[in-house]
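Visitor: Taken in sequence, the protein lines are chains A and B.
Numbering-wise (the numbering used here), the first sequence opens with residue 5 and increments by one.
Numbering-wise (the numbering used here), the second sequence opens with residue 354 and increments by one.
Don't read these hints as lab results, they were simulated from the structure.
In this text, all values refer to a predicted model and were calculated from it rather than measured experimentally.
Glycine is no exception: its CB is placed at the ideal position from the N, C-alpha and C atoms.
Careful, some of the hints might be misleading.
Stated by the list, open to error - What the simulated footprint calls covered on chain B by chain A, stretch by stretch (three residues with Cβ under 8 Å from a Cβ of chain A suffice, anywhere in the stretch; the number is not a length):
1) 383-393
2) 403-416
3) 431-440
As the list claims (entries may be wrong) - Distance windows between CB atoms, simulated:
4) A/Ala-319 with B/Pro-641: 49 to 59 Å
5) A/Gly-50 with B/Glu-590: 27 to 37 Å
6) B/Thr-410 with A/Ser-231: 38 to 48 Å
7) B/Pro-641 with A/Gln-310: 24 to 34 Å
8) A/Ile-10 with B/Pro-641: 38 to 48 Å
9) A/Leu-104 with B/Arg-509: 50 to 60 Å
10) A/Pro-26 with B/Arg-448: 14 to 24 Å
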Amino acid sequence: MSKPDIARLQTIVGPEHVKHDPADLYVYGSDSSVHRAMPDAVVRPGKVEEVQELLRYANESRIPVVPRGSGSGMCGQVVPIQGGIVLDTKRMNRILEINLADVYCRVEPGVIDDDLNKALKPHGVFYPATPASSRIATIGGEIANNASGVRSVKYGATRESVLGMKVVLADGSLVTLGARTRVEASGYQLERLFVGSEGTLGVLVEATLSFVRIPKYRAMGMVLFDSLDDAGEAIAAVMGKGVALSMLELVDSVAIRAVNTAMDLGLPEVDAILLVEADGMVKEAVEYEVEAARELCEKHGGKLTQLSYDPAERARIFLGRKKLFPALSKFSDTMVSTALADDMAVPYSRMAETARKIHEIAERNGVVMTAYGHCGSGCMHTKILMDTASSESWEGAQRAVAEIYEYVRSVGGTTSAEHGIGISKADAFKREKADSLDLMRAVKRAFDPNNILNPQKLFDAPRGWLTATDLRYVASR
Amino acid sequence: MELPRLRKWEHQLNACIRCGYCYEHCPLYKSTRWESDAPRAKLVLLFGLLNGQVEPTQSVTRRLFECFNCKRCEAVCSSGVPFTEILMDVRQDLRDAGLDLDGVTSLNAADGGCAKCLACVRVCKHEARTVGADQCVVVDKVKCVGCGACVEVCPRLTVQLATAHGVSSSDLAREMGSFLGSRPEGEPRAIIFCCNWSSYPGILNSRYEEAEPKDHKILVNMCAGRLPPQLLMHAFERGSWGVLVSGCPEEECEHDGNLRARQTVQSLQVVMGQIGLDPRRVHFVEVPRGSPGTLEGAIESFMVQLRELGAPGV
Ligand SMILES: Cc1cc2nc3c(=O)[nH]c(=O)nc-3n(C[C@H](O)[C@H](O)[C@H](O)COP(=O)(O)OP(=O)(O)OC[C@H]3O[C@@H](n4cnc5c(N)ncnc54)[C@H](O)[C@@H]3O)c2cc1C
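If we strip away everything but chain A, and leave its shape as in the complex, we get (with noise of 0.2 Å):
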């Protein structure tokens, strides 16, 4: 692979619009992640032809572009593993049209998915797949990532809100996928191609997402379960009873612990909690999920305390779960966070299992994990919380990463439920996919024959995540 030339990137996007300064690079060399790389440039095209000339260039020249949101990924999507030109999206910001008749929004790939939620609020409608990260993370990173979040359990990931898009393909050239129509039938759905492929197939220019109404009433409330085991057995019995909840999440005793610790939330601290919620027009409509959910949590041990229809009372009780990811980063003096094993997904029946043995693992190898996550997508979060200037907790989280994902695969779950592959999963992956990694490749290579956009991610990152980049922290013990 060859290194850019800043003269020409200048010409292309203006002089301004390029950055190379050492200082710069190592900024943006790393993310959310524990990976670290430097790019030889960074450059922030403002528009679609400037993309496709940037394009054109690299892939003559074969170098390596990394296209980037805001760089909240977890997993090193945006790590410029072999260098050459990371191109940011942010000036590319604009929402270029809500239209509430057919139903449908475009937007450039730059728009923070918060701003977008603000502009669509006073018509009353709203984009349903936002992330816990929605004040930074862009559509763009988002479509690349098949995002989701809490609300996903209702109304789907990402991939369900896209009707289609433009993209920068590697040779320069532009293609409109997809529809802005509700549904379309024929050929390969490409579009559905790109959500999820990390950057790896072209540059998203344009988006055509759908939205959904902002319902009148929510109701929230906090089910407590003395036992792990009986929340597990509550969440599958929810889920396949098929009651319409907008929100179902667990919160595991460590992860109750380390809010309380934290912030001093003063959450019940029995094994674990279930924060249901449901939305609706109506509001008996609401009633009937919610006590649906009621009884059949009750059936599993679970009590239903601080229902509430009210706003602010919603945001207290959602407050816990919303402070877990900060509350874990304060866990200790000795420890840090670190977003490895960092999610994954497993079938409802397997979720407190699942939870039980993330556990048992992180014990086994000196580490700390808690269990989270958007349970009723069959997500599952954790952290792992280590000493990160010993090389003995890597050691550990090593073993402990590949112990849970080999785990994971043997249930029949999947190793990526949201955060993506990218570097530190792609072992995981790899092994989960093996079958059909031979036509991943095909398409990689059909859509992308010289290999310039967002090179060894995924099924081609190396092995070893621990060894396949620059860390972000450094062992000194």
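Since the structure of chain A is already known, use the hints to place chain B with the ligand on it.
Guide: Below, chain B with the ligand alone, put in the same frame as chain A:
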């Protein structure tokens, strides 16, 4: 290079989970939209400095001296990283090593002109300005937080911020002029000055032209107390129907800016009465930190009032 003060923050640098939630609160990031200007990036750089992966170049040093110390990033930090404290420490380390740069600090113009009135020394809340030999004012670049209070009291315009990132009086005047000039004849128009420290609205990182308010323009400045009366008056000269100044509540203001802004508005109201302009056209509103709703409400009622008052007759 030895960085003893920075070294004690090693755990905090590791604890940053790099979520990037600080971006939307950082005035510097909002001004440049380069990730490398955001607080998260500064922590990344500090990590690199500490571990010898980043050379302490002029460019790195400049970045570390470019921060308005508004502490908004700290307030939202997932990991509770005491960002400004760390930054102050590393600045001191760098200075000890013979490296310091102007960043956003305040400077006295090189060609002199200082009246030695010491108004800038008295107004500084951060002990960044002291009197040196020959009654010369000395600026401590580590302590200076770039609030700009000294800029506004300097009678000879000798004091300037090294870099203002769009918030200097001339930048604001330019933006104001272009908005007011773009409004059609007879349509209401107003300028809303927002203080970065408190009421800086969650200015969208995305653009949606249709939704942009047509009748008023929000201009962010670093402290309400820094707004010179001439700038407010200039808005009327350029056809504005009104000027709303928002600042921190008294107990939240770190530079007495709130009091000065109030005084500016009050004296302007007197002048306006004298020249036949309704004093209600200029108004001060207190907006506590983290309450964007208060600002939105204040703007709405201000615009309703301006519509009732109609176009200014002078
Ligand atoms: C605190 C925190 C909470 C999070 N919570 C969630 C959550 O609840 N749900 C969830 O799903 N994720 C979550 N994430 C992960 C992450 O925020 C999401 O995956 C998000 O969608 C990434 O958006 P981004 O703009 O930061 O993308 P980046 O990290 O910049 O990029 C992600 C991927 O998208 C590609 N990409 C970006 N833009 C384009 C484009 N225009 N064309 C082609 N490819 C592109 C990149 O190459 C990369 O592969 C969380 C992260 C953090 C730090």
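Visitor: State for each hint whether it applies.
Guide: Going through the hints against the structure:
1. 383-393: Since 4 is at least three, the answer is holds.
2. 403-416: Coverage by chain A holds here, the residue count being 8 at a Cβ distance below 8 Å.
3. 431-440: holds (count 3)
4. A/Ala-319 with B/Pro-641: 49 to 59 Å: violated, 19 Å
5. A/Gly-50 with B/Glu-590: 27 to 37 Å: holds, 34 Å
6. B/Thr-410 with A/Ser-231: 38 to 48 Å: violated, 57 Å
7. B/Pro-641 with A/Gln-310: 24 to 34 Å: Holds - the Cβ-Cβ distance for B/Pro-641 and A/Gln-310, about 28 Å, lies within 24 to 34 Å.
8. A/Ile-10 with B/Pro-641: 38 to 48 Å: Given about 46 Å between the Cβ atoms, the range holds.
9. A/Leu-104 with B/Arg-509: 50 to 60 Å: holds, 57 Å
10. A/Pro-26 with B/Arg-448: 14 to 24 Å: About 22 Å separates the Cβ atoms of A/Pro-26 and B/Arg-448, which means 14 to 24 Å holds.
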